[in-house]
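Residue numbers (this note's numbering), protein chains in the order written: chain A, 1 to 114; chain B, 1 to 115.
Hints in this document: simulated from the structure, not taken from any laboratory. Predicted model, so just to flag it, every value in this text is computed and none were measured. Take these hints with a grain of salt, some might be off.
Claimed, not checked - Taking lysine-lysine pairs in the BS3-like style, the calculated list, with each CA pair at most 27 Å apart, reads: (1) K15(A) with K58(A); (2) K24(B) with K71(A); (3) K42(A) with K15(A); (4) K78(B) with K24(B); (5) K58(A) with K68(A); (6) K68(A) with K78(B); (7) K68(A) with K57(A); (8) K15(A) with K57(A); (9) K78(B) with K42(A).
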Amino acid sequence: QQQVKQSPQSLIVQKGGISIINCAYENTAFDYFPWYQQFPGKGPALLIAIRPDVSEKKEGRFTISFNKSAKQFSLHIMDSQPGDSATYFCAAISLGGSARQLTFGSGTQLTVLP
Amino acid sequence: DAGVIQSPRHEVTEMGQEVTLRCKPISGHDYLFWYRQTMMRGLELLIYFNNNVPIDDSGMPEDRFSAKMPNASFSTLKIQPSEPRDSAVYFCASSPAGRFNSPLHFGNGTRLTVT
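Put together the whole structure using the sequences plus the hints.
This is the structure in structure tokens:
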């Protein structure tokens, strides 16, 4: 099963709050998990990524938490800002596989209120 | 680096007409992907190329869809005949060869409306 399940579908957060988006996967061969950020009228762009040999990766206000045993990973946006309002996609791929394509989650539309 | 360039940005056509979407990948990138984005299905991979050769077209929904990559700097996605259910945003993306964790670089998409 190649599916990556993402929740919630939409999220509204006050400025300065924490935004949390969750993803779960089934394919244990997945070993690279990027997050993409998409603004209206634009294509998705890589935001941050993690390998399962670490439980957490932080870049500025953005943190990925990874739970390998539960096959779950999440994106945390600290001190959320209105400029973070966008659609976020989690994704997964097996680096050792022959397939070159990412499996994307269904997306989360984040709105940060001023 | 101009990024991935797609044209047109918007396309409105009538059912039954042929539609051609165009993509110029980033120079030096060996992989090119075509995605379709809808509210109902999210991001769907339609087809991808490696060094101009189609590798996996299992996501192409029907024979009405075809894609070509005649050279390293140009690709097209054609829908003939188009149907209202083809209305979506179509993205082209490219990535360099070598590392599977190389990021995808997406264009800004073509919004297709079929009436």
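Evaluated hints:
no., hint, verdict
1, K15(A) with K58(A), "holds (20 Å)"
2, K24(B) with K71(A), "violated (37 Å)"
3, K42(A) with K15(A), "holds (23 Å)"
4, K78(B) with K24(B), "holds (15 Å)"
5, K58(A) with K68(A), "holds (17 Å)"
6, K68(A) with K78(B), "violated (41 Å)"
7, K68(A) with K57(A), "holds (14 Å)"
8, K15(A) with K57(A), "holds (23 Å)"
9, K78(B) with K42(A), "holds (22 Å)"
In this structure, the hints that do not hold are numbers 2, 6, in rising order.
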